[in-house]
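Undergrad: Listed below, chain by chain, are the residues.
There are 2 protein chains.
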Amino acid sequence: MKLHILGCYAATPSLMGNPTAQVLEIRDHLFLIDCGEGTQVQLRKHRIKFSRINHIFISHLHGDHFFGLPGLVSTFQLLGREKELHIYGPLGIKEVLLMLLKVGNSWTSFRLVFHELEGKDPIEIFKDNKVIVSTIPLSHRIYTNGFLFREKPRERTLNIEAVAQYKIDKAYFKNIKKGKDVLLDNGETISNALLTLDPPKPKSYAYCSDTAYSPGISEWIKGVDVLYHEATFLGTEAHLAAKTKHSTAEEAAKIAKAADVTLLILGHFSIRYKKKEAFIREAVPYFPNVQLAEDGKLVIF
Amino acid sequence: MKLHILGCYAATPSLMGNPTAQVLEIRDHLFLIDCGEGTQVQLRKHRIKFSRINHIFISHLHGDHFFGLPGLVSTFQLLGREKELHIYGPLGIKEVLLMLLKVGNSWTSFRLVFHELEGKDPIEIFKDNKVIVSTIPLSHRIYTNGFLFREKPRERTLNIEAVAQYKIDKAYFKNIKKGKDVLLDNGETISNALLTLDPPKPKSYAYCSDTAYSPGISEWIKGVDVLYHEATFLGTEAHLAAKTKHSTAEEAAKIAKAADVTLLILGHFSIRYKKKEAFIREAVPYFPNVQLAEDGKLVIF
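Heads up: the sequence lines are chains B and L, in that order. Counting along the first sequence from 1, when you hit position 301 you're at 301 in the numbering used here, and nothing is skipped either side. Position in the second sequence (from 1) plus 1000 gives the number in the numbering used here.
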């Protein structure tokens, strides 16, 4: 998977950085996660092909997470898009987006497919033969979901040497990769374990922004490879985090620890913090493998 | 007057430039004209004080002219604004903006005052003791207005030497500046023309974007100091201009000539044109005093 962080700042676009948007590359998909103002310029800057984005996931309807969406949809139209575009987001997103298109008399000639969310339990919202996406209900000032992206297990990898040694015909390969044993013409059965290697472990990514400290979510994201968790504030501003239903770096790290993730990325920083080393210092005692988000950062895992 | 051009490109934000937004400084006012995506970052970049903007004029509801408005209003709220904010724009702007605030449960604590427009004739929409703003109905794919900003005539300037020579008491100065003659105690009348100088000529600015070629508008903007007129296309793409109800550089120059303006600024360029000298070459035969808009350009007049 490749995670392109396009914007990782809270509240308002500034000269310091962009509001939230990310692109997750996963098994031929380009999933756009949140879409703050300026996202389309960030997409161009990082040379991400607009035409490959078919699914957009919006966590919640605060402006810094979706005010870039109307402009992006309009630009898709200007670029002559024909493929349908799937938008996943809180109930209400359809009405507001369609009204924006209506007042501009700017209907799209491609199909917009809305998947409006209102549940309070995690649900699967996208699934194909390679990837599953589920919601992670979060606790914020308005209805908000994080998103969990999981690769499906890949087929077993053919052990080329073993297959040659047993002189297995190509016709069997498809079934072998699916995990089946081989029954040879001479009646002998060769166990699949002798003919295949374990496939790469399926990867997973959890996006949790915006949210107050919610220990419960660690159950839903157990063992993910990468967790992006908001840390709008440092502990010195814990009172602001509590008031605005955001998290501190310490709280994000505690979630990462409880969920036993591999890597924690902190983001959604308040622009009050000019330097960010303190976020690392605050998180490390609770969870050591932590990185800071940055606009333009690419994480490959 | 000072005109800060924040964005002068058509259709979509890009790495090349920003969609339409300008700030006009006129007699203590900072008027924001149109507000494409990214305007608030441009305001910061050019160090324009958000708190001094009390009036926003939106020409029409295509995204490249107003998708930056919801974010700007949200940022005003984050900055703790208390003063009321006046928004002038086509009928519908109130409903769409309030819906965006509603879905984010992000009501402003300052008052939003909407002035919705739907007329087809020029009307005065703002007036105080220094400035008058009127609409310039334009011809575009959706309901659109340009805006005409006129300084009111200033008071006459006291001729200090003459006043001293006639030994006129300070008590008379207020009335003298208003153009009145002075009746001295000895019964002598001193004509105002002897005591005052002409004030500076009131300045005026006309903003016309987006519009098809509309010769009729020159009557409404006769003799303005500066005309900003859209020139989305060159004459080589006149068919596109006609189809999309935009203007070419030649057409903009013809309006400037017919209206007898002092300076023409061309803007709202399609991003298809990488170099812009051709806009000047096309306009000059019809109107010589022409400049190109540029993001970040400051015009003082």
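Check each hint, because a few of them may be wrong.
[To be verified] Calculated lysine-lysine pairs in the DSS-like style (CA-CA distance at most 27 Å, straight line):
(1) L:K1045 x B:K274
(2) L:K1275 x B:K45
(3) L:K1274 x B:K45
(4) L:K1274 x B:K243
(5) L:K1275 x B:K102
(6) L:K1203 x L:K1002
(7) B:K203 x B:K257
(8) L:K1201 x L:K1245
[What the hints assert, rightly or not] Cβ-Cβ distance ranges computed for the label pairs, FRET-style:
(9) L:K1045 x B:L78: 23 to 29 Å
(10) L:G1119 x B:S14: 48 to 54 Å
(11) L:T1262 x B:R272: 34 to 40 Å
(12) B:N289 x L:R1141: 31 to 37 Å
(13) L:E1025 x B:L298: 37 to 43 Å
[Said to hold, decoys possible] A few chain L residues that face chain B, going by a derived Cβ cut-off under 8 Å, partial list only:
(14) G1017
(15) G1038
(16) Q1040
(17) K1045
(18) K1049
(19) L1097
(20) M1099
(21) P1153
(22) A1238
None of these hints come from the bench; they were simulated from the model. Think of the CB as a built atom: it goes at the ideal place given N, C-alpha and C, for glycine as much as any other residue.
Undergrad: Against the structure shown, which of the earlier numbered hints fail to hold, in ascending order?
TA: Hints 4, 5, 8, 10, 11, 12, 14, 18, 19, 21, 22 contradicted; others consistent.
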